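A.B. asks: The working numbering puts the first residue of the sequence shown at 4, with every later residue one more than the last.
No lab work stands behind these hints, which were simulated from the structure alone. As the structure is a prediction and not an experimental result, all values here were calculated from the model. Note that the Cβ used here is the ideal one computed from N, Cα and C, for glycine as well. One or more of the hints may lead you astray.
Computed beta-carbon distance windows for the label pairs [as the list claims (entries may be wrong)]:
#: 1; residue 1: Glu149; residue 2: Lys53; range: 10 to 20 Å
#: 2; residue 1: Glu180; residue 2: Pro16; range: 46 to 56 Å
#: 3; residue 1: Glu215; residue 2: Leu359; range: 51 to 61 Å
#: 4; residue 1: Asp224; residue 2: Asp179; range: 21 to 31 Å
#: 5; residue 1: Asp306; residue 2: Lys21; range: 40 to 50 Å
#: 6; residue 1: Lys234; residue 2: Lys153; range: 32 to 42 Å
#: 7; residue 1: Asn217; residue 2: Ala119; range: 50 to 60 Å
#: 8; residue 1: Ala126; residue 2: Glu180; range: 22 to 32 Å
#: 9; residue 1: Lys259; residue 2: Asn217; range: 43 to 53 Å
#: 10; residue 1: Glu180; residue 2: Val324; range: 30 to 40 Å
#: 11; residue 1: Lys53; residue 2: Asp224; range: 21 to 31 Å
Calculated cross-link-like contacts (lysine-lysine; reagent style BS3-like; alpha-carbon spacing at most 27 Å) [what the hints assert, rightly or not]:
#: 12; residue 1: Lys131; residue 2: Lys80
#: 13; residue 1: Lys233; residue 2: Lys25
#: 14; residue 1: Lys271; residue 2: Lys234
#: 15; residue 1: Lys21; residue 2: Lys211
#: 16; residue 1: Lys80; residue 2: Lys211
#: 17; residue 1: Lys156; residue 2: Lys53
#: 18; residue 1: Lys95; residue 2: Lys335
#: 19; residue 1: Lys80; residue 2: Lys21
#: 20; residue 1: Lys233; residue 2: Lys211
#: 21; residue 1: Lys286; residue 2: Lys335
#: 22; residue 1: Lys53; residue 2: Lys255
#: 23; residue 1: Lys95; residue 2: Lys25
#: 24; residue 1: Lys211; residue 2: Lys153
#: 25; residue 1: Lys286; residue 2: Lys348
#: 26; residue 1: Lys108; residue 2: Lys53
#: 27; residue 1: Lys293; residue 2: Lys335
#: 28; residue 1: Lys131; residue 2: Lys95
#: 29; residue 1: Lys80; residue 2: Lys123
#: 30; residue 1: Lys211; residue 2: Lys95
#: 31; residue 1: Lys259; residue 2: Lys25
#: 32; residue 1: Lys25; residue 2: Lys53
#: 33; residue 1: Lys271; residue 2: Lys286
#: 34; residue 1: Lys271; residue 2: Lys233
#: 35; residue 1: Lys95; residue 2: Lys123
#: 36; residue 1: Lys25; residue 2: Lys80
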Amino acid sequence: MVNLRLPGPTPVPEDVVKAMSKPMIDHRGTEFHEIMQRLTANLQMAFETKNEVYVLTASGTGGMEAAVVNVLSPGDKVLAVSIGNFGDRFSKIARAYGAHVTDLKFPEGTAANPAAIREKLQADPTIKAVLATHNETSTGITNDLEAIAKVVKGEFDKLFIVDAISSLGSIRMAMDEWNIDVVASASQKGWACPPGLAMTAMSARAWKASDEANMPRFYFDLREARNSLKKGETPWTPAVGLVYGLDYALQKMLAKGDMTATYQFHAKIAQYTRDGLTRLGLKLVATDLKQASNTVTACYLPDGVTDAALLTMLMNDYNIVVAEGRGLLAGKSCRIGHMGYVSEKDMNEVLNALRLALPRLGYKPTGVR
4 MVNLRLPGPT PVPEDVVKAM SKPMIDHRGT EFHEIMQRLT ANLQMAFETK
54 NEVYVLTASG TGGMEAAVVN VLSPGDKVLA VSIGNFGDRF SKIARAYGAH
104 VTDLKFPEGT AANPAAIREK LQADPTIKAV LATHNETSTG ITNDLEAIAK
154 VVKGEFDKLF IVDAISSLGS IRMAMDEWNI DVVASASQKG WACPPGLAMT
204 AMSARAWKAS DEANMPRFYF DLREARNSLK KGETPWTPAV GLVYGLDYAL
254 QKMLAKGDMT ATYQFHAKIA QYTRDGLTRL GLKLVATDLK QASNTVTACY
304 LPDGVTDAAL LTMLMNDYNI VVAEGRGLLA GKSCRIGHMG YVSEKDMNEV
354 LNALRLALPR LGYKPTGVR
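The task is simple: from the sequences and hints, build the whole structure.
C.D. replies: Pasting the structure below:
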């Protein structure tokens, strides 16, 4: 069996697969209404919000697009905070819909500096919204979203729109406590489900902005999602099997009452992975381990080792799948996912495969316990 260690999609447990294999039902019927009501309530617990959470049949990028088009208008000024490839994507989405975007990029391997965000907002009081990524999978870095929110919301009261696709379900994200206006997530990361569902929530402030927003929207119009959810439905035909799976997975995750155990587990497995890579002599992309992600670790490749050669060998000879570098790190790094359905045994297999593969490519690593 392949040990899939991507930053997404992630492995799906057999019991979730079984839950998804139930017979189709009427997506306008009573049984589906009950599922959606339970799923929404559990998503609210995971998002730590009293706001409704809307389930869209889409990828995570669809959730990001929904987050943008429902609260902004063409010509609105937006500050796009980026610490990697997916932060850049958020900027591109806003720009594609006519927003006037100011990019604030931080060096690879570092998190966003709230002071730099403050400086940009002070320089242009007409900025309406700030886009940020909670957890950047291209670099393996997690932003201090709470600290950023204190600047964006506490000091300047701007709309704060967050991509939490690779954090929610594995890393705490407190929407209400941190005063975040729009949050997008997706099923294929920490939720241990297949790709195909995006989950989006909006604050009261965001809904007020939505009333004035006029970016084009139809499929991703959250006003339609809000109206449909009153009946326990989605506006368009949902991926019913994926809804089954996410509903079941969330019930498992919340069986102890909240997400604390899940967050603690991910912190532990991430540290195990980072320690193992360091023992191999590999350099982490994260320059400050306090900012290192608990869902994906990025490391630089040794001189003379190409990502194509390493990834091919890991797959063909060891049944291990990891991801190549993205953006500025393309060709010189690899990324190892450890979110959702993962164990210490899984990560030890990855570390031992690296220990065996790297010497065959010309690099002699140190040992792995």
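A.B. asks: When the structure is checked against the list of hints, which entries are broken? Sort them ascending.
C.D. replies: 2, 7, 14, 15, 19, 23, 26, 32, 34, 36
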